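Got chain E; can you put chain H on it based on the hints?
Sequence order for the protein chains is E and H.
Residue numbers are given in the working numbering: position 21 of the first sequence equals residue 21, and the series is strictly consecutive.
Position in the second sequence counted from 1, then plus 427, gives you the working numbering.
Bear in mind the hints are in silico, worked out from the structure with no lab data behind them.
Model, not experiment: these values are computed from the prediction.
No false leads were mixed into what you were given.
Restraint ranges, calculated between C-beta atoms of paired labels, are given here:
1. E:Q347 <-> H:R494: 54 to 60 Å
2. E:S279 <-> H:R483: 46 to 52 Å
3. E:R122 <-> H:G542: 50 to 56 Å
4. H:G542 <-> E:P38: 18 to 24 Å
5. E:W35 <-> H:A574: 42 to 48 Å
Cβ atoms here follow ideal geometry from the backbone N, Cα and C, with glycine treated the same way.
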Amino acid sequence: MLFRPKTKVCLVLLQVMKIIEQIREDFPALHQQVWGKPLIYLDNAATAQKHRKVLELQERMSSRTNANIHRALHKLSADATDLYEAGREAVRNFIGAESREEIVFTSGATAALNLIASSLVRSHLIPGDKVLVCEAEHHSNIVPWQLACETFGTSVEVLPVEESGEISMERLSKLLEADDRIRILSVSHISNVLGIINPVSEIVRIAHSKGVLVVIDGAQGVVHDKVSVKELDCDFYVFSGHKIYAPAGIGALYGRRSLLESMPPYMGGGDMVDRVSFSHTTYAPLPLKFEAGTPNFVAAACLKPALEFAAEVRDDVWVREHEKSIVSTMVHELQQIEGLKICGLPQDLSHKVPIFSIGIDGIHPSDAAQMLDKMGIAVRSGLMCAEPLVNRFSDRGLLRVSFAPYNTLSECETFISKLKLVINMLL
Amino acid sequence: MIEIENIRSIGEIEEEIVSEFTIFDEWLDKYEYLIELGKELESINESDKTDDNLIRGCQSRVWLVCRSSGGRLWFGADSDAVITKGIISLLIKVYNGQRYDDIIASDFSFIEQIGLKENLSPTRANGLLSMIKQIKAYALAYKEKEAQQ
Numbered sequence: 001m002l003f004r005p006k007t008k009v010c011l012v013l014l015q016v017m018k019i020i021e022q023i024r025e026d027f028p029a030l031h032q033q034v035w036g037k038p039l040i041y042l043d044n045a046a047t048a049q050k051h052r053k054v055l056e057l058q059e060r061m062s063s064r065t066n067a068n069i070h071r072a073l074h075k076l077s078a079d080a081t082d083l084y085e086a087g088r089e090a091v092r093n094f095i096g097a098e099s100r101e102e103i104v105f106t107s108g109a110t111a112a113l114n115l116i117a118s119s120l121v122r123s124h125l126i127p128g129d130k131v132l133v134c135e136a137e138h139h140s141n142i143v144p145w146q147l148a149c150e151t152f153g154t155s156v157e158v159l160p161v162e163e164s165g166e167i168s169m170e171r172l173s174k175l176l177e178a179d180d181r182i183r184i185l186s187v188s189h190i191s192n193v194l195g196i197i198n199p200v201s202e203i204v205r206i207a208h209s210k211g212v213l214v215v216i217d218g219a220q221g222v223v224h225d226k227v228s229v230k231e232l233d234c235d236f237y238v239f240s241g242h243k244i245y246a247p248a249g250i251g252a253l254y255g256r257r258s259l260l261e262s263m264p265p266y267m268g269g270g271d272m273v274d275r276v277s278f279s280h281t282t283y284a285p286l287p288l289k290f291e292a293g294t295p296n297f298v299a300a301a302c303l304k305p306a307l308e309f310a311a312e313v314r315d316d317v318w319v320r321e322h323e324k325s326i327v328s329t330m331v332h333e334l335q336q337i338e339g340l341k342i343c344g345l346p347q348d349l350s351h352k353v354p355i356f357s358i359g360i361d362g363i364h365p366s367d368a369a370q371m372l373d374k375m376g377i378a379v380r381s382g383l384m385c386a387e388p389l390v391n392r393f394s395d396r397g398l399l400r401v402s403f404a405p406y407n408t409l410s411e412c413e414t415f416i417s418k419l420k421l422v423i424n425m426l427l
Numbered sequence: 428m429i430e431i432e433n434i435r436s437i438g439e440i441e442e443e444i445v446s447e448f449t450i451f452d453e454w455l456d457k458y459e460y461l462i463e464l465g466k467e468l469e470s471i472n473e474s475d476k477t478d479d480n481l482i483r484g485c486q487s488r489v490w491l492v493c494r495s496s497g498g499r500l501w502f503g504a505d506s507d508a509v510i511t512k513g514i515i516s517l518l519i520k521v522y523n524g525q526r527y528d529d530i531i532a533s534d535f536s537f538i539e540q541i542g543l544k545e546n547l548s549p550t551r552a553n554g555l556l557s558m559i560k561q562i563k564a565y566a567l568a569y570k571e572k573e574a575q576q
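This is chain E alone, in the form it adopts within the complex (with noise of 0.2 Å):
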């Protein structure tokens, strides 16, 4: 039987919605109600909500194979160590790293930024050296920066965004060109703020053609786009798991095998090393060397069943039209909206994830984000850890909206309508 085309549309969207009804079902948090009103968590890009089975592993970890990694021969020891290793393997194939010694755990992404500018610095950089980092970056990849360069002698370059919040590469090959002190680059895949990918593999390219490292910030980045290191060619790539449907407190860190090999610890501690005496102490091979003490071995082993879920649905193509409808349903209605302003607004929409972040001309974005609360509707307002950025579009913050596979057309149409009742109270 042939459909006509509206029928055909009608079935795709039938189809859309009931595959996202049953994510929803895996994610208890979402079943619940916040001032009396139906939750809608559209603060995704601070944190994602945990998948089932990230939560099922976490209460079994904690209530039965409960025992410290990498130490002892007991039964408990070797299950929670597997667990442990497991999810390091299933960190090394979501991101298409070649061994799991380049697969480095952390606390999270921020950690991550700050071991990798530390012993970076200190083992690659001499004095006068320049560490460039975009402007569009949150805290995390500029901050670890400035101390290690402060530290070191070496300093902070920026390298701008457009209008439009996009990289340019002629921008970037200019900038490299000219400075040749620049040793080190470090871009975020997708700002938390403007929700575009960036090129990351052309920005590999121009920096590694004139021998600058690359550091990719991936925490939004493994999120909504298909992550191969591999490919990529980067030199590291970092990521937290709470933002990937995985517990706080852990994150990876990806590094070039070499380069992991040639810097130094950045924590001392237990497990981190091979022979200790007070006149020589000796390092465990990668990539223990740089996972000094006891560490989140709960949230790590997590990663496991949260980024099988990233897999799934970031490789599923009726969540990928789900989510582009999401942001063309998000870009049409924002527009529509008298003295609004998207930050990241790229030509080609393509390369836009549902991370929005607005700006409202007479409104403050806390009173939004308040009345939006009260109204079940759970967002982001203020500077988003990425003052530098921020505060080129707005003197007093913006309102930062963003959403995951789970989240619903229909919540979509609910912000939408909400905002502009906030709007009409407020100005």
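Using the frame of chain E, we list chain H on its own:
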């Protein structure tokens, strides 16, 4: 300026505000009223919006100026966020012209009674809690200063 004899006690004004708020069944109406109060609150002079008078509340900024006369304190305040400004307007209504000791002894519980407690949570980052602390700090400081004279 209001005649000092006409100033009612903190408790009386608080009671009046609480009863005013009981007419709102819906949070939306309550916020609508706060927004109205915020819009009506007289702004302080731009020259008073200095870093010294700024109460850092992270998201919305609050400026507070204070002067004393006749053993009583008078406040002017402003914010760049209108809901915060609405609540500020209530605080000013309660505390303007009050004696140091009365301010020090007050517990600000009327905010909770009118259902705006969440706005005073230390995690709210809207500067209101810091503003209240600052109001008390002014009262304490002026009281000590005058005791020394």
